[in-house]
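Enquirer: Chain by chain, the residues run as shown.
There are 2 protein chains.
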Amino acid sequence: MAQGTNSISSTVRIGICAPSTPFTQEGADRVQALATKEFPQAELIFSDQCFFEQGHFAGSDKQRTDSFVSMANDASMDAIWFARGGYGAARITDVAISQLNEVAKHKIYLGYSDAGNLLGALYRAGIGEVTHGPMPSDIGRSGGDEAIRRSLDWIVHRRRKALEPGLSNQEKYAAFNLMTLSMMTGTDFMPNLRDHILIVEEISEYLYAFDRAMFHLCSNLTDQGLSGIQLGDVSDVPENDRPFGETAEDITKRWCNKNGIAYLGRAEIGHNVDNKIVPFGTLKV
Amino acid sequence: MAQGTNSISSTVRIGICAPSTPFTQEGADRVQALATKEFPQAELIFSDQCFFEQGHFAGSDKQRTDSFVSMANDASMDAIWFARGGYGAARITDVAISQLNEVAKHKIYLGYSDAGNLLGALYRAGIGEVTHGPMPSDIGRSGGDEAIRRSLDWIVHRRRKALEPGLSNQEKYAAFNLMTLSMMTGTDFMPNLRDHILIVEEISEYLYAFDRAMFHLCSNLTDQGLSGIQLGDVSDVPENDRPFGETAEDITKRWCNKNGIAYLGRAEIGHNVDNKIVPFGTLKV
Chain A
5 MAQGTNSISS
15 TVRIGICAPS
25 TPFTQEGADR
35 VQALATKEFP
45 QAELIFSDQC
55 FFEQGHFAGS
65 DKQRTDSFVS
75 MANDASMDAI
85 WFARGGYGAA
95 RITDVAISQL
105 NEVAKHKIYL
115 GYSDAGNLLG
125 ALYRAGIGEV
135 THGPMPSDIG
145 RSGGDEAIRR
155 SLDWIVHRRR
165 KALEPGLSNQ
175 EKYAAFNLMT
185 LSMMTGTDFM
195 PNLRDHILIV
205 EEISEYLYAF
215 DRAMFHLCSN
225 LTDQGLSGIQ
235 LGDVSDVPEN
245 DRPFGETAED
255 ITKRWCNKNG
265 IAYLGRAEIG
275 HNVDNKIVPF
285 GTLKV
Chain B
5 MAQGTNSISS
15 TVRIGICAPS
25 TPFTQEGADR
35 VQALATKEFP
45 QAELIFSDQC
55 FFEQGHFAGS
65 DKQRTDSFVS
75 MANDASMDAI
85 WFARGGYGAA
95 RITDVAISQL
105 NEVAKHKIYL
115 GYSDAGNLLG
125 ALYRAGIGEV
135 THGPMPSDIG
145 RSGGDEAIRR
155 SLDWIVHRRR
165 KALEPGLSNQ
175 EKYAAFNLMT
185 LSMMTGTDFM
195 PNLRDHILIV
205 EEISEYLYAF
215 DRAMFHLCSN
225 LTDQGLSGIQ
235 LGDVSDVPEN
245 DRPFGETAED
255 ITKRWCNKNG
265 IAYLGRAEIG
275 HNVDNKIVPF
285 GTLKV
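Chains as they are written, first to last, in our numbering: chain A, 5 to 289; chain B, 5 to 289.
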């Protein structure tokens with residue numbers, strides 16, 4: 005099913021692992037219930053590792069690596085769905101990617117936020133259909149069913165309505181959390197974004213930190229042949245002791261302009277239930 | 005006096021500007037009072053711009069640039085002392101550096117935290133005696149007099165007791181706030197740290213964000229010929245919803261080890277009154 009026919013008869017097996025922080029059994033049950041009811045073709049396989057806890061993380065670096073690698077290298081899995089972000093994927097991405105086999109190239113990888121480390125490195129390595137979109141943990145948001153439904157709509161049916169509305173078949177895309185991508189620049193996880201429209205979103209950062217991360221990212225992407233930057237949602241901005249004096253869009257425009265990067269307007273990705281699907285590279289539907 | 009004789013008869017003129025966020029007149033008065041009493045050779049010149057306010061910043065980008073450049077290019081100034089960090093130097097550093105003249109090469113530049121953007125770019129450009137140490141804003145800390153005294157001891161008398169205790173004449177050094185330096189990698193502000201001992205400190209970051217920044221920095225510095233990393237203070241770490249599971253030193257050792265960088269132990273720099281002086285490059289006293 006990784007090639008995305010709309011057949012109702014064959015099962016789509018979706019492996020769910022947690023490269024960053026732990027998911028909850030209660031959340032997994034809710035996602036499972038929704039899938040059972042609305043996506044009977046989908047078989048969700050939650051790795052036990054999703055519920056492991058070791059300090060900040062969903063198990064040790066090795067447990068998180070092994071869980072991801074075993075599912076990615078499993079030919080019976082059509083998709084890998086990252087359960088939740090938080091932080092932790094950066095600690096396992098290089099080892100994990102080095103352990104992937106041929107089988108891993110033929111599946112969807114779906115997630116966002118901290119999972120961007122894996123998305124970026126997979127895309128750089130040309131492995132699979134790398135896709136930015138809602139994760140099982142989004143079930144915890146008010147109206148989160150809609151986000152879960154959107155990801156399953158994409159994995160199971162390749163429904164265009166799940167996609168970021170403005171996507172064009174004539175362009176290449178990549179989508180990331182700003183801070184996550186900012187911290188990937190210059191590392192082995194950073195994909196080549198030449199000729200890509202880059203969509204970024206942010207959550208829970210002061211505007212001064214957003215400005216700093218945008219300085220860093222745009223300075224690193226100057227002269228890299230980017231087609232442009234679109235700005236997703238910038239949410240849960242903490243109150244500082246005084247107003248910053250510019251909006252997140254002002255900041256984005258300024259750093260784009262300073263670095264000769266086209267600013268291409270807003271997009272509907274973000275840490276919210278409206279987070280749309282963005283397949284990396286050229287759209288194939 | 006920029007050559008640092010211990011003469012008591014000649015005046016050392018110290019220009020103070022704010023490339024990031026505003027200082028207060030009350031704080032300036034306290035620093036001035038301490039200097040008048042204990043460092044009669046020092047003449048402190050606070051730029052009016054230190055007290056400007058525009059949104060987050062101590063005046064507009066142009067006002068902050070002009071204030072710094074006019075003092076740096078003023079042959080009557082022996083030192084430039086950055087008033088305060090916060091965020092904002094990254095927005096002016098490239099334009100500011102491009103406007104510096106020959107005169108700017110012959111003075112001390114002293115500060116830390118967000119001022120690291122200017123310190124890094126100045127050091128990269130070979131301009132002046134770039135120095136990491138306390139700023140006038142440290143007067144606001146409990147016991148802050150000692151921090152102010154230390155910086156003036158260095159600028160006016162080049163007293164060795166003001167220095168980070170472990171400094172060797174056989175090594176080169178650089179010191180930065182971790183997040184500030186992390187966001188400088190790959191930009192035009194990033195100095196070449198080959199053969200340097202890099203000392204980093206951090207404040208007000210969750211340990212997961214510290215881990216992420218250390219991943220980013222060490223990944224970018226791998227194979228760059230760094231002599232090693234020393235860890236300064238890591239203070240005011242916010243409480244997360246669960247313990248991270250490692251200390252800041254554990255994190256530093258792990259990323260150093262992973263990237264083939266020597267971990268060289270602790271150092272006495274940080275956002276606190278014990279913040280010692282670290283001149284960049286080879287120690288000349």
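It is worth saying that the hints were derived from the structure and are not from the lab. It should be emphasised that the depicted structure is a prediction, and the values quoted were computed from it without experimental measurement. Wrong hints could be hidden among the right ones.
Derived lysine-lysine pairs resembling DSS-like cross-links, with alpha carbons at most 25 Å apart [as the list claims (entries may be wrong)]:
1. B/K66 x B/K176
2. B/K41 x B/K176
3. A/K288 x A/K257
4. B/K257 x B/K165
5. A/K165 x A/K176
6. B/K165 x A/K66
7. B/K165 x B/K262
8. A/K165 x A/K288
9. B/K262 x A/K257
10. A/K262 x B/K66
11. B/K41 x B/K109
12. A/K66 x B/K176
Enquirer: Would you mind confirming whether the straight-line C-alpha gap from B/K165 to A/K66 stays at or under 25 Å?
Expert: 46 Å, violated
Enquirer: Taken at face value, is the distance from the CA of B/K165 to the CA of B/K257 at most 25 Å?
Expert: 28 Å, violated
Enquirer: CA of B/K262 to CA of A/K257, is that 25 Å or under?
Expert: Violated, because 37 Å separates the two Cα atoms, which is more than 25 Å.
Enquirer: Hinted pair, alpha-carbon criterion (25 Å max): B/K41, B/K176. Please report holds or violated.
Expert: 34 Å, violated
Enquirer: Would the pair B/K41 and B/K109 pass a check requiring their Cα atoms to be no farther apart than 25 Å?
Expert: The hint is violated at about 30 Å.
Enquirer: Hint check: B/K165 vs B/K262, CA-CA at most 25 Å. Holds or violated?
Expert: The given pair, whose Cα atoms are some 35 Å apart, is violated under the 25 Å limit.
Enquirer: Sort out whether B/K176 lies within 25 Å of B/K66, counting only the CA atoms.
Expert: Violated. B/K66 to B/K176 sits at ~34 Å, over the 25 Å cutoff.
Enquirer: Is the hinted pair A/K262 and B/K66 satisfied, with a Cα-Cα distance of at most 25 Å?
Expert: 15 Å, holds
Enquirer: Need the status of pair A/K165, A/K288: alpha-carbon distance at most 25 Å?
Expert: Cα-Cα ~14 Å, so holds.
Enquirer: Regarding the pair A/K288 and A/K257, is the alpha-carbon distance no greater than 25 Å?
Expert: Since the Cα atoms of A/K288 and A/K257 sit roughly 30 Å apart, the hinted pair is violated (cutoff 25 Å).
Enquirer: Would you check the hint for A/K165 and A/K176, treating anything up to 25 Å between C-alpha atoms as holding?
Expert: Within the cut-off at roughly 18 Å; holds.
Enquirer: Take a quick look at whether A/K66 and B/K176 sit within 25 Å of each other, Cα to Cα.
Expert: 37 Å, violated
This entry does not satisfy hints 1, 2, 3, 4, 6, 7, 9, 11 and 12, going by the numbered hints stated previously.
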